[in-house]
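K.L.:
What follows is the residue order along each chain.
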Amino acid sequence: MLSETQEIRLFGLRYRTVLVSLTIVAFVILSLMALTLPSVLTPGQGPGAVDDLFSRFHNSGIRLFVLSVLLGVILTASVLTVFSYFSTRKRLARIRTTSKAILESLVGGVLTVDTEGRITIINRAASKILELPSQSPYPDLATMAQRHPRLAEVIRQSLQFDEYVQDDDVAFVNSQGDRLILRTTVSAQVDESGRRVGLVVLVKDVSAIIALEQELRKRDRLVTAGTLAAGVAHEIRNPLSAIELNLRLLRDEVASSSPGHPDMDEYFEVLFAETRRLNRITSSFLQLSRPGPIAKVRVSVQEPVRQVLRLLESEAMGKGVSFSVDLPNDGIEVLGDATKLEQVCLNLLINSMQAMPHGGIIQVSCNRTRSEAGDTVDLIIADQGVGVPKENMQRLFDPYFTTRPDGTGLGLAIADRIVSDHGGTILVESTPGEGTTMTVRLPLPATVDGGQEAS
Amino acid sequence: MTENPNSVVVETAEQRLVRLRRLVQLAPHDPELRFQLARQLVDSSCLDEAIDLLRSVIAMSPNHLDARKLLELGLRLRPARRV
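Respectively, the protein sequence lines represent chains A and B.
Mapping of the first sequence onto numbering that gives the first Met the number 0: position 312 corresponds to residue 311, and the numbering continues sequentially without gaps.
Mapping of the second sequence onto numbering that gives the first Met the number 0: position 70 corresponds to residue 69, and the numbering continues sequentially without gaps.
Watch out, some of these pointers could steer you wrong.
[To be verified] Here are the simulated DSS-like pairs of lysine-lysine, each with C-alpha atoms no more than 27 angstroms apart in a straight line:
hint : chain 1 : residue 1 : chain 2 : residue 2
1    : B       : K68       : A       : K318
2    : A       : K99       : A       : K217
3    : A       : K127      : A       : K99
4    : A       : K217      : B       : K68
5    : A       : K99       : A       : K89
6    : A       : K217      : A       : K318
[Claimed, not checked] Chain B residues, not near chain A, derived (Cβ > 12 angstroms throughout):
hint : residue
7    : E13
8    : Q14
9    : R20
10   : Q24
Quick caveat, the hints were computed from the structure, so don't treat them as lab data.
These numbers come from a predicted model, not from an experiment.
Virtual Cβ for every residue (Gly too), placed ideally from N, Cα, C.
Please work from the sequences and hints to get the whole structure.
P.N.:
As structure tokens, then:
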């Protein structure tokens, strides 16, 4: 569809063309008719020159007129063709510029490949996301397969079997080592006759969206868990005490009525162990369900860390764990609750110690960072423990997720919830067999809630 | 004669200790009850018993921040009281 401005321009062009054509026709007719006038001819030549030139037509005015019109039409067609050529060229250039501008302004990556799998067009976003050159020569399918095996395979299959994909999530580790999730759609690129001339590949980096979705799901689970926890803990605790008491009575009764039964002690031990486990779970439930209001005041980040390190010193020593502490002397302040932050440090450090059954060093450091999101402070706890397997990374902060038989799976969930309540986040990097680094990233006061400090 | 609804029955430290001991006896594996008893024992200067109890609380619930803090306090107070 043409816009109003384009219509006006087109009208102007047609008007000019018609005007020029009429002028040409009139000029040709007048010129040829003028040739028949003796006064126009050069002296001595006479009408004979015209007779030679138009031997068949000079006697007939009608024939001359037909000839004039034919010549006029030919000339008009030539002029129109030239006009049309320039106008089409101009329009094509405009369309190309507009298309390029649209392509380049797209947030998502767009690339086209021909039927041989060679890239023909790639926009800036695709070049950035896929880390491919934005100018030709572009890589072919085989070269692309080295960096993007899954994407190359999707393209190859689409070309070979005419099977296209929509919103297929493809993982890709970029040169910075970040794992990206690329949502890919491949469709056929057809010409005017409907013949396939290649493929259009749309690539969108949805890593942040997926991370956000996971975070929201996690929060939902936490809220649900917290709500359930209070009720469950209260409902379970009282009958649990009664069970425990009656178990004791039963054990005493059994011991007095049939003494010396070796298996009986073992049965009771199992029952008591399970009761202990239930007790521990209900206590953790209550901790999760009673996060308490966070009194946000200016607190030094280092102080809760130092306090918890003091608390854990002797226990760590007994387990062959030592702390390597690098905390700046000047207090880095955040808006928060010192006790809650102590709980975070405790849970993370306990987690690190539990991951190091043979001892080792836990490095604790703290520094300011600056990012697009604002100024933050990073509290880093790096252990030399067993590490977290890749498949467990996503579930690490999920309530009740644990790999230890005696764990409740609430320590990290509680830490995550507290940090989240402070507007922060916990980042995890881990190499199985080498250790785990947990980074508690908290916003500095200027960036908390748009700079408004809580009273 | 009606009982004043605003009157508050105050439990003495001794009564509280007895009640908590009984509760812990009934449910010996409840870390919260143990912690409550330990706190009362610290208040009553029964530090050795409180420290043992707090250690058992931490063994049951390693993330119990208050128990760890109270244990540290108990350990700091114990030598001072002994002198």
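K.L.:
When the hints from earlier in the document are held up against this structure, which numbers fail?
P.N.:
2, 4, 6 and 10
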